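Undergrad: Modelling step: build the complete structure from the supplied sequences, incorporating the hints.
Here our numbering is used: the first residue of the sequence shown is 1, the next is one more, and so on.
Just so you know, these hints were derived from the structure itself, not from any lab.
No incorrect hints appear here.
Restricting the straight-line Cα-Cα distance to at most 27 Å, the calculated cross-link-like pairs of lysine-lysine (DSSO-like) are:
no. : residue 1 : residue 2
1   : K99       : K126
2   : K45       : K124
3   : K124      : K99
4   : K29       : K124
5   : K369      : K339
6   : K45       : K29
7   : K108      : K126
8   : K45       : K99
9   : K29       : K112
10  : K112      : K126
11  : K45       : K126
12  : K388      : K369
13  : K126      : K29
14  : K339      : K388
Because the structure is a prediction, the values reported are computed rather than measured.
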Amino acid sequence: MTTTTPTPRILVVDDDRAVRTAIRVNLSKQGWDVSVAEDAEGALKLIAERPVDLVLTDVAMPGRSGMDLLAALRAGFPEVRVIVMTGYGSVQDAVFAMKSGADDYIIKPVSKDELVLIVERALKEKALFAELIQLRQEVQEKYGFENIIGTTSSMLEVYELIETVADTTALVLIQGPTGTGKELIAHALHYRSGRRNGSFVRVNCAALPENLLESELFGHEKGSFTGAVRQHRGKFEQADGGTLFLDEIGEITPTTQVKLLRALESGEIVRVGGSETVNVSVRVLAATNRDLRAEVAAGRFREDLYYRLNVFTISVPPLQERRDDIPLLVDHFVRRFCKDNNRPLLQVSVAVMQRLINYHWPGNVRELKHVLERAVILSRGDTLTGVKLPEAPQGKEPKAEILPEGMTLQAALMEYERRVLIEALKAAKGVQAQAARAVGISRSNLNYRIARLGIEMKDVVYE
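TA: Encoded structure:
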């Protein structure tokens, strides 16, 4: 399937008919869709009826000026690129227009080649900006709050903590076993904060030796060590205005711990081999699979750094402690991998679901994800059949059947969903907006599910 790029739409605004006609002819020859207006009022009316990508406007026009039009476009149509046109003797108008939000300017008279070049550049910048916005939206969708799956009480608590702390400046320590989704929670915190448009920079503190980790975090000056052939901006500087995620924080050495504490306390860093302090505005999130309190007691982790990081803690439970979430996770991943691999949605039999629920998942959600990705690829027909699980150590798997024998998967999921929503309503003391937030859906979606599942408020008994 191929997609076609829409033809760029351009509006030329000039009170001189000869000028706007000449520009229209020249730009139309490039394959662009060009319309004209003789004044600002006419331009705004045309744009309201038929959106455009780019406006070329003269500055000096009867009635509302080109500057008035620029202000109106910035207020009502911020996505439109604006190029102002002015005479040779009015360069100051062009400078003022640029300061007021114009994207470029043209000094009249202008050659055909220069006109086309300036317009091409503006259209390319608009396309790149649109692509950046699209990529940012895709990243937010991939790492957004709604991708953290689970409705058990422990996960509802995680959601509530994320909502509470996301849009603050507090440092957050995310604790939990490997594979539980700590980085996903860090992303959710970032994209629900005021820094969402800044960079999200991740550092795996366990992946680098001490000397390289310091250079990676704080940067280095040229010549500071063998191989430092140029100045390097570290992750703190790269995350300036955004979020720095320090994964496996429990693995850093005492020397690096001291420097990290200094940076967290002062908001300043010094590059390796340098003496100049660099101010950075960074929100730090950290994650670990270690018990940092025990590491402090053992003398392997600085107590002052621990308390600095532990302003706010989110503990992520292992998957085997929230087995009731497994059906939801299975549904999420099967849908995702079927879509990614251009396959019709595969059905999951009760027997397969039971195996997935009973397995002890030492690798947590990450292991479940990989097992299901492989299974989707290997499955034939319309049923998930390629599930391969390692032998579980004796005594690790629960003996009780979680899905009643003879119940279909759809019926089991609906019953489970009903219980979850009732528990959420109980926890919210019947406040539906709060319950909807807790389970990560809209209030209208919650109302629909309440009606579909036959939940009555008399079923919701709360303390």
